[in-house]
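Student: Top line first, the protein sequences correspond to chains G and L.
Per numbering that gives the first Met the number 0, residue 0 is the first one in the first sequence, and the count goes up by one each step.
Per numbering that gives the first Met the number 0, residue 0 is the first one in the second sequence, and the count goes up by one each step.
Since the hints were derived computationally from the structure, they do not count as laboratory data.
Treat the hints with caution; some may be incorrect.
[What the hints assert, rightly or not] Now the stretches of chain L that chain G is said to cover, found in silico as 3 or more residues with beta-carbon under 8 Å:
#1 16 to 28
#2 31 to 45
#3 48 to 56
[To be verified] From chain G, some residues computed to sit far from chain L (all C-beta separations above 12 Å):
#4 Q31
#5 A56
#6 Q99
#7 Q107
#8 N110
Just so you know, even glycine gets a beta-carbon here, dropped at the ideal spot from N, CA and C.
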Amino acid sequence: MKKYLIITCCSLLLAGCAALAPGTDPIVVRAQQTETVGYATLDTFLKVDNANRSLFATNAPALHQYAEWLRAPQVVNGTNVYPRGIAFMLSLDTIVQQYQKGLANSNQVANVLATAETAITQAQWYISSMGATSLTNQPAINTK
Amino acid sequence: METAIIAAIPSIIQGITALVSYIQSVRTAAQQNNVWTPDMETSYQSMLASAATAPEWQPDSVPAAQPVAPVQFPAPVNTNIS
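Please build the complete structure, drawing on both the sequences and the hints.
Tutor: Structure follows, in structure tokens:
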């Protein structure tokens, strides 16, 4: 398990170092990189929590509470219901599509991107802390 | 047949997760080369949505609500006094 987490963390760090090809829009590339890293991060985090939910709920309630927050159903595009983590990725993908078609501006993309990055950063922090004996000093996040 | 399909579900879900990661990794390059079509984007979004069916994405099970006992109304009073 520890080896798996180390490999995941290294791949996530390296993914952010990809070179930008000439002529590409930086915010689109950054959004797609975030989407790629974000999905892998959230999926890994939830897989680890899912491996022993009762253990984390008892010994690291904040971690499990955050996992449940990511799993909470959200309505996307009016009718479809997805877990919040998937909804973040779909929203990011949709706003990038709209931006590429000229239907959204870069500020709107940046706003969705910032929201997704905050959630991903929190999950990364929990993944890196899973080997620690205490999870009592985690940064606060508003899960309301 | 049904048992075989049910037994294959975990590996199918694992396959979806791996496939999403793979598609994401090649998408940026495909877009830069103008070979990423709207149909491919639609398929990608459907695939991402289907990943939500994986067990790790399901919230904790909520205990089922206890059935409520039917209300016992008092027997009707016979008002026909003869």
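Student: Next step is simple, just say for each hint if it's right about the structure.
Tutor: Verification of the hints:
Three residues within the 8 Å Cβ limit are the bar, and the segment 16 to 28 of chain L against chain G gives 7, so the coverage statement holds. Taking a C-beta to C-beta cut-off of 8 Å, the segment 31 to 45 of chain L contributes 4 residues in contact with chain G, enough for the three needed, and the coverage statement holds. Counting residues of the segment 48 to 56 of chain L whose beta carbon lies closer than 8 Å to any beta carbon of chain G gives 7, which reaches the threshold of three, so the coverage claim holds. For Q31 (chain G), the requirement that its beta carbon stay farther than 12 Å from each beta carbon of chain L is not met, with the minimum near 5 Å.
For A56 (chain G), the shortest C-beta to C-beta distance to chain L comes to about 8 Å, within the 12 Å cut-off, and the non-interface label is violated. Listed as a non-interface residue, Q99 (chain G) fails to keep its Cβ farther than 12 Å from every Cβ of chain L; the least gap is roughly 9 Å. In this structure Q107 (chain G) is separated from chain L by more than 12 Å, as the shortest Cβ-Cβ distance comes to about 18 Å. The beta carbon of N110 (chain G) is kept farther than 12 Å from every beta carbon of chain L, the shortest such distance being approximately 20 Å.
When each numbered hint is compared with the structure, violations occur for hints 4, 5, 6.
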